[in-house]
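*Asks:* Chain by chain, the residues run as shown.
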Amino acid sequence: MTTLIRKMMTADSDSTLLVKSLQFLSQRAKAVVLPMVGIAVFLVIWSFAANSIDTSLGKFPGPKAVATQIGNLYHEHQSEREKEAAFYQRQEERNAKRIAKDPGYQPKIRAYTGKETFLDQIGTSLVTVMSGFILAAVIAIPLGIAVGLSKTLNTAINPIIQVFKPVSPLAWLPLVTMVVSAVYVSPEPMFAKSFINSMITVTLCCLWPMVINTSVGVAAINQDWVNVSRVLRLPSLVHVQKIVLPASIPAIFTGMRLSLGIAWMVLIAAEMLAQNPGLGKFVWDEFQNGSSQSLSRIMTAVIVIGFIGFLLDRAMLQLQRLVSWDKESANR
Amino acid sequence: MSILLDISKIDMVFPTPKGDFTALKEVDLKIKKGEFISLIGHSGCGKSTVLNVVAGLLQATKGGVLLNNKEVTEPGPERAVVFQNHSLLPWLTAYQNVELAVKQVFNRKMSKAEMQDWIEHNLRLVHMDHAMHKRPDEISGGMKQRVGIARALAMQPEVLLMDEPFGALDALTRAHMQDSLMEIQDELNNTVIMITHDVDEAVLLSDRIVMMTNGPAATVGEILDVKLERPRDRLSLAQDAEYNRLRSAVLTFLYEKQRKVENIPAQSSSKKTGETGDLQKVDNTNDVDVA
Ligand SMILES: Nc1ncnc2c1ncn2[C@@H]1O[C@H](COP(=O)(O)OP(=O)(O)OP(=O)(O)O)[C@@H](O)[C@H]1O
Ligand SMILES: [Mg+2]
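Sequences listed follow chains A and B, in order. Just so we're aligned: 122 in our numbering is position 109 of the first sequence, and the numbers increase by one with no gaps anywhere. Just so we're aligned: 1451 in our numbering is position 290 of the second sequence, and the numbers increase by one with no gaps anywhere.
Each hint can be trusted.
So these bits of chain B aren't anywhere near chain A, every CB distance computed over 12 Å: (1) LYS1179; (2) GLY1180; (3) GLU1196; (4) ALA1332; (5) VAL1387.
Simulated coverage check for chain B against chain A, where a stretch passes if three residues somewhere in it have a Cβ under 8 Å from a Cβ of chain A: (6) 1233-1242; (7) 1257-1268.
If you are wondering where the hints come from, they were derived from the structure by calculation, not from laboratory data. Computed from a predicted structure; not experimentally measured. Glycine included, C-beta positions come from ideal geometry on N, C-alpha and C.
With the hints as constraints, model all of the structure from the sequences given.
*Replies:* Have a look at this one:
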């Protein structure tokens, strides 16, 4: 019986192989081709739509205008960098001369204060969002674990979380700004106040999703695992470290991805609103500038913001794959 | 021999939204060192509750459990539990799962090298040394259950508590695991309480079979002494008169004396729901599942 089946299979295997590989190819092709088609259609619609919209600053930017601007912005960045290098070189030469004349002279080094380029603004926004996010994680994950473990704490804190969760962090921004300028006074500040303001705003909006997801994950730990820990009489700290933390990693990551996505959106808005350095400020400045290029530069920024948001989420996903034992949840 | 474990007239009452529910009433059982006890009874009668009280995971409402004349008040590694669904930690390998237990129990009593030897020894005992660096999701159900048993054995418990350890396994794997368990038992002579739904398993493995009455207010119905010689062999026992007498004694208890009277819809015979819709099948099957 089995040999018969095997014979049938070998006779058939050539054609099945062909069909299989064709199917495989078409699947792969689909995964590549369909998004390409989608993008192409989008570009066509976009350029048509752009062509037919007239604004007081000229036509709405189409794909071509954006492509040109990407080139422009990059060149501006490079020439700015060259200027900066030249500035420092001149300064050094000047100082060297003074020292040659007068060995007791203490050289003054002044920082270059050129305009921030688009790439600088991207860097600023990225650093801000990551700092705020990490600060939030440092606070929210331990707090979430504590709330998840203790029913008492949960009952006590839950109303506060529920009330603050729906508040847009932008509403906090004026308060944060005032508090920071009142509290953060030092003669030689390590960070700019604007950076601190943006960062705290990011932290505020990351906090709640992380606390909630972590605590829900911790509270929902498989009772069997808790029983294993009880039978072993694991001390509380070991229990948290060996059982609770790994068990709730998937939930923690869900919270982190959620809040990083929100944080990126909120940060751009906060930068626009508060004129803090970053991509938001770039957009706002271009808008105020109102030159014929402004709209295409803003459109470029919009697309870059989207890409960065996408990449941030991918990066979190990769991190989750690296850390989590639960490969299933990392694929969602 | 003296009494190692004394389950002394325990009552267990669960508070529920519909009022108190008395799950156990005056369950009383004395177990000697080295004895292998099976707990058998219909689904939902309270077997797991008894085991959890002995483990210390639940506190009896009345009465108590004495181990070596000391009252049990909390869980501890001297009463190791093998849970029904293995409950291995999925982020640790088989080795690390056992290691977690060994590190906790033999902290400062063993050197690092001794610990490693001991972990590997226990995994070898359940024939899992070849896959000890695999994670639970990379091994089969039977293998997971073996690791769960290795983890419990590695604690060197005074009493080993097993809640339907082979319940989720197919019949062949289960037979295999029973043979392994008998082998280990010959070597270590542990004191064991095992919950089972399988009549053959109970007769094959036990020194005594404790049959529980139906709940609510379940208690010990009858206790059957199994005086079959060890080592036991399932094939030759199949013809053995004493074996068959014991087997039918258990079946009689379950299906005549403690026959479930409640009416269950005809479709509910799946094992998962744990109900007794398939009473008719009892006569013509060899591997009787009470659930
Ligand atoms: N925490 C609880 N609260 C309320 N009732 C409970 C609780 N735990 C168990 N019970 C009830 O106690 C009874 C005995 O439950 P138990 O789990 O011990 O049964 P069992 O014999 O192990 O059943 P099975 O063979 O299906 O595992 C059941 O009727 C169950 O509904
Ligand atoms: Mg049970």
